[in-house]
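Participant: These are the residues of each chain, in order.
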Amino acid sequence: MAETTAISQTQETVPAPRREITLIPPVDVFEDENGLNLHADLPGVAPDQLDVRVDRNTLTIEGKAVIETPEGMEALYAEVRSPHYRRSFTLSSELEPEKIEARLKDGVLQLYIPKRESARPRKIQIKVA
Amino acid sequence: MFGSLASLEDDLLRQFDQLAREVESLFAPLRSVRDIRAAGRGAFPAVNVGVTPEAVEVYVFVPGIDPNALEVSLQDNLLVIAGERKLDYLEREDVNFYLRERHAGEFRRAISLPEDIDPERVEATYRNGILRIRVHKQEAVKPRHIEVKTG
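So the sequences go chain by chain: U and S.
Residues in the first sequence are numbered from 1 upward in steps of one, following the numbering used here.
Residues in the second sequence are numbered from 130 upward in steps of one, following the numbering used here.
Among the hints, erroneous ones may be present.
Lysine-lysine pairs mimicking DSS-like chemistry, simulated, CA-CA at most 30 Å apart [claimed, not checked]:
{"#": "1", "chain 1": "S", "residue 1": "Lys215", "chain 2": "U", "residue 2": "Lys105"}
{"#": "2", "chain 1": "S", "residue 1": "Lys215", "chain 2": "U", "residue 2": "Lys115"}
{"#": "3", "chain 1": "S", "residue 1": "Lys215", "chain 2": "U", "residue 2": "Lys64"}
{"#": "4", "chain 1": "U", "residue 1": "Lys115", "chain 2": "U", "residue 2": "Lys105"}
Among chain U residues calculated to face chain S with C-beta under 8 Å, some are [claimed, not checked]:
{"#": "5", "residue": "Asp32"}
{"#": "6", "residue": "Gly44"}
{"#": "7", "residue": "Asp106"}
Rather than coming from a laboratory, the hints here were simulated on the basis of the structure.
Please read all numbers here as calculations on a predicted model, not as lab measurements.
Cβ atoms here follow ideal geometry from the backbone N, Cα and C, with glycine treated the same way.
Working from the sequences, and respecting the hints, build out all of it.
Facilitator: Below, the structure is given as structure tokens:
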């Protein structure tokens, strides 16, 4: 693994108080020199059903998919068995959680978590003598 | 030493796999007989199918797609959904990846629908990353009245 994994998944040691099944959305996490990007698949989640929060150093993404089902519909086959999504990550201290930018479009959440100015790579000028 | 660690991991993975299959079998009432085209766990896109007296409702969980680039076809009772999801950031050379879980590239799912559908009456909508396809059932055949003749 890379030596500077700035974002890591937290083990959910405390069992969720609810008994609902929650789905773990697939994510891509990648870093550029200014910050971290996290893209998560949350099909069915509308902006008002999405909750992205940072509690101390834990980032939690939670969402509820709204699936319009006609009355009296019977399930014939289901691969998605819950409308609840949840996933948490720990953020390292060089990130600025108060400056997270979030965008949700077509069921994909895009988060951008900038690094503190001091944590960004500085270009060091080499003077020619 | 590392050889024995590797076999330990293998064994653990096998146990997890076994566990996953057992958990899955708890849902046996829903899928005791597996459709031959059913995809394995983690297939993209995931699909749910439901029925009402009027229609078959198919939900395809396909986020981050231009709906115009989705190909949906229905031949007899076979519904096929195909497309491609391009993730532009995979091309970037200035980034390091820590997690790569989202499906990228082409995909295709085929779902066999019940026999009594009307392939001419299909509606598809895309919203918040879910493609919903409603295939109406054939108009119910009216009960025939059979007259009993007296001999």
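Participant: Now tell me, hint by hint, if it's right for this structure.
Facilitator: Now the hints, each set against the structure:
no. : hint                : verdict
1   : S:Lys215 x U:Lys105 : 15 Å, holds
2   : S:Lys215 x U:Lys115 : 27 Å, holds
3   : S:Lys215 x U:Lys64  : 25 Å, holds
4   : U:Lys115 x U:Lys105 : 24 Å, holds
5   : Asp32               : 5 Å, holds
6   : Gly44               : 5 Å, holds
7   : Asp106              : 5 Å, holds
The structure meets every hint from the earlier list without exception.
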